[in-house]
Structure formats: structure tokens, C-alpha cells
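The primary structure of each chain is shown beneath.
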Amino acid sequence: NAGVTQTPKFRILKIGQSMTLQCTQDMNHNYMYWYRQDPGMGLKLIYYSVGAGITDKGEVPNGYNVSRSTTEDFPLRLELAAPSQTSVYFCASSYLGAGNYNEQFFGPGTRLTVL
Amino acid sequence: QKEVEQNSGPLSVPEGAIASLNCTYSDRGSQSFFWYRQYSGKSPELIMSIYSNGDKEDGRFTAQLNKASQYVSLLIRDSQPSDSATYLCAVKESSGSARQLTFGSGTQLTVLP
Numbered sequence: 001n002a003g004v005t006q007t008p009k010f011r012i013l014k015i016g017q018s019m020t021l022q023c024t025q026d027m028n029h030n031y032m033y034w035y036r037q038d039p040g041m042g043l044k045l046i047y048y049s050v051g052a053g054i055t056d057k058g059e060v061p062n063g064y065n066v067s068r069s070t071t072e073d074f075p076l077r078l079e080l081a082a083p084s085q086t087s088v089y090f091c092a093s094s095y096l097g098a099g100n101y102n103e104q105f106f107g108p109g110t111r112l113t114v115l
Numbered sequence: 001q002k003e004v005e006q007n008s009g010p011l012s013v014p015e016g017a018i019a020s021l022n023c024t025y026s027d028r029g030s031q032s033f034f035w036y037r038q039y040s041g042k043s044p045e046l047i048m049s050i051y052s053n054g055d056k057e058d059g060r061f062t063a064q065l066n067k068a069s070q071y072v073s074l075l076i077r078d079s080q081p082s083d084s085a086t087y088l089c090a091v092k093e094s095s096g097s098a099r100q101l102t103f104g105s106g107t108q109l110t111v112l113p
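Chains as they are written, first to last, in the working numbering: chain A, 1 to 115; chain B, 1 to 113.
Hints may be right or wrong, so weigh each one.
[To be verified] Below, computed lysine-lysine pairings styled on BS3-like, alpha-carbon distance capped at 30 Å:
| hint | chain 1 | residue 1 | chain 2 | residue 2 |
| --- | --- | --- | --- | --- |
| 1 | A | 57 | B | 67 |
| 2 | B | 67 | A | 14 |
| 3 | A | 9 | A | 44 |
| 4 | B | 67 | A | 9 |
[As the list claims (entries may be wrong)] DEER-style ranges, computed between Cβ atoms:
| hint | chain 1 | residue 1 | chain 2 | residue 2 | range |
| --- | --- | --- | --- | --- | --- |
| 5 | B | 57 | A | 16 | 49 to 55 Å |
| 6 | A | 70 | B | 75 | 39 to 45 Å |
| 7 | A | 111 | B | 9 | 39 to 45 Å |
| 8 | A | 77 | B | 82 | 35 to 41 Å |
| 9 | A | 5 | B | 75 | 32 to 38 Å |
| 10 | A | 18 | B | 20 | 44 to 50 Å |
| 11 | A | 39 | B | 20 | 21 to 27 Å |
Hints listed in this document are in silico derivations from the structure and should not be mistaken for laboratory results. Every residue gets a Cβ at the ideal spot worked out from N, C-alpha and C, and that includes glycine.
Given these sequences and hints, build the entire structure.
Written out as C-alpha cells, the structure reads:
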């Protein structure tokens, strides 16, 4: 299993541009998450999904959109990029069922700079 | 606002010593607790999970949970330079958004050869 994969690894955007960060998992996990991590800070939840077709906002959703059309894929869309969105973005997945306690597994991350 | 607090460090210990990392949380009903290790420039890696009061050991790592005092700790015995990393504490809360984890900002650990 490849686990959680993310593309691209690095990206530089100009203010106002848009892009999609890709995330795929092959562990048949039902839950998927997008986090951002600013330097010296913890992880902030942007959006999450509990299954195909179902998404919900996290702590910092403004400026982002997500969709979940399949179990495996959970892309994050940035519209009208702003310097405040410069960060490292991590996708994660977990399997929640009876008795499961949400052990999340992370992808390698996308380092995004908005200039 | 639920909070998870960690000392940011840096915490320095000599090789072979015990490193002790602490985390407190504000939601008394929190159910599950996790420790992630994050090397510089890399993604978080799950190293320990604990759900009941007491100690849980896995190799050189021991997680300790005290729900009454609302703290969870991670002990690393026989610390090695390869343990140098940032350690993130994460808590699954008891609220309706129980699908989410709240992360602390991490403690930076340096193990000196």
C-alpha cells in the first residue's frame, strides 16, 4: 500500500491564482482530512470528509473548497490565493468504525508559497 | 474553544537519558490521545495512542494518561539522536465533532550525542 499520497510536493502561486492540491489514499479509509501547518505551529483542520459525497468545515475553512466523489480521493481547492495561505498542507485519513478511535495517517505534504 | 497545550521547548537531553514530554487538554470528556513524531520537513507519524488511564508501553516509548488531571505524557527511554524531532500531542474530544482531533503546537526534542 502506498498509504496517503499528495501532489504536488511544492508549488509557488501568485496572488489571485487558483490551484488544486491532490490527495489519494489506498487504505479504504472512510474519513479524510486536510490540515495546514504554519511554521512552529500545530495542525489546523481545514475540511474533513466522513465518506464519498459528505464534507464538513474544520477550524479554518475560509478560502478553500473540497469535494469527495470517491472513497480514495479528497482534493483541496484554493481559489484566489492570498499570502496568508502560504503554509504546508497535509492530507490525512483514518478508519472510524465501532470501537475505533480515529488514528490518523498523514501524507507527505504540499509546501505552498503565495507571492 | 478546546485546547491542547504543550511546552514548545526546545527540550534537550543527553543520549541514553529519559526524555519526558507533557501535554494538557481542556476538554474533560476527551476520549482518545495520540502522540505523533514529526521530523523537520516531514509529515507527522503516529507513534503512540492511549485510551485508558495508566501507562502503555511500546518499545522505548511509554504513554501515560491521567484523565482526572487532564494530562498525557510521553516518555522516551534510552533516547537516541534519531529521536530528535518535534512531538505533537493530539486529542479526540467528546463533542459532537468527535471525528476531529485537536493538535498541540508540539515540543521540539533534541537528543545530544
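Status of each hint after checking the structure:
1. 57(A) - 67(B): Cα-Cα ~29 Å, so holds.
2. 67(B) - 14(A): 47 Å, violated
3. 9(A) - 44(A): 19 Å, holds
4. 67(B) - 9(A): Distance ~39 Å between residue 67(B) and residue 9(A) Cα, so the pair is violated.
5. 57(B) - 16(A): 49 to 55 Å: 52 Å, holds
6. 70(A) - 75(B): 39 to 45 Å: Check passed, 41 Å falls within 39 to 45 Å.
7. 111(A) - 9(B): 39 to 45 Å: 23 Å, violated
8. 77(A) - 82(B): 35 to 41 Å: Taking Cβ atoms as reference, residue 77(A) and residue 82(B) lie about 38 Å apart, which means the hint holds.
9. 5(A) - 75(B): 32 to 38 Å: 33 Å, holds
10. 18(A) - 20(B): 44 to 50 Å: Holds - the Cβ-Cβ distance for residue 18(A) and residue 20(B), about 46 Å, lies within 44 to 50 Å.
11. 39(A) - 20(B): 21 to 27 Å: At 25 Å between Cβs, range holds.
Checked against the numbered hints above, the structure violates hints 2, 4 and 7; every other hint is satisfied.
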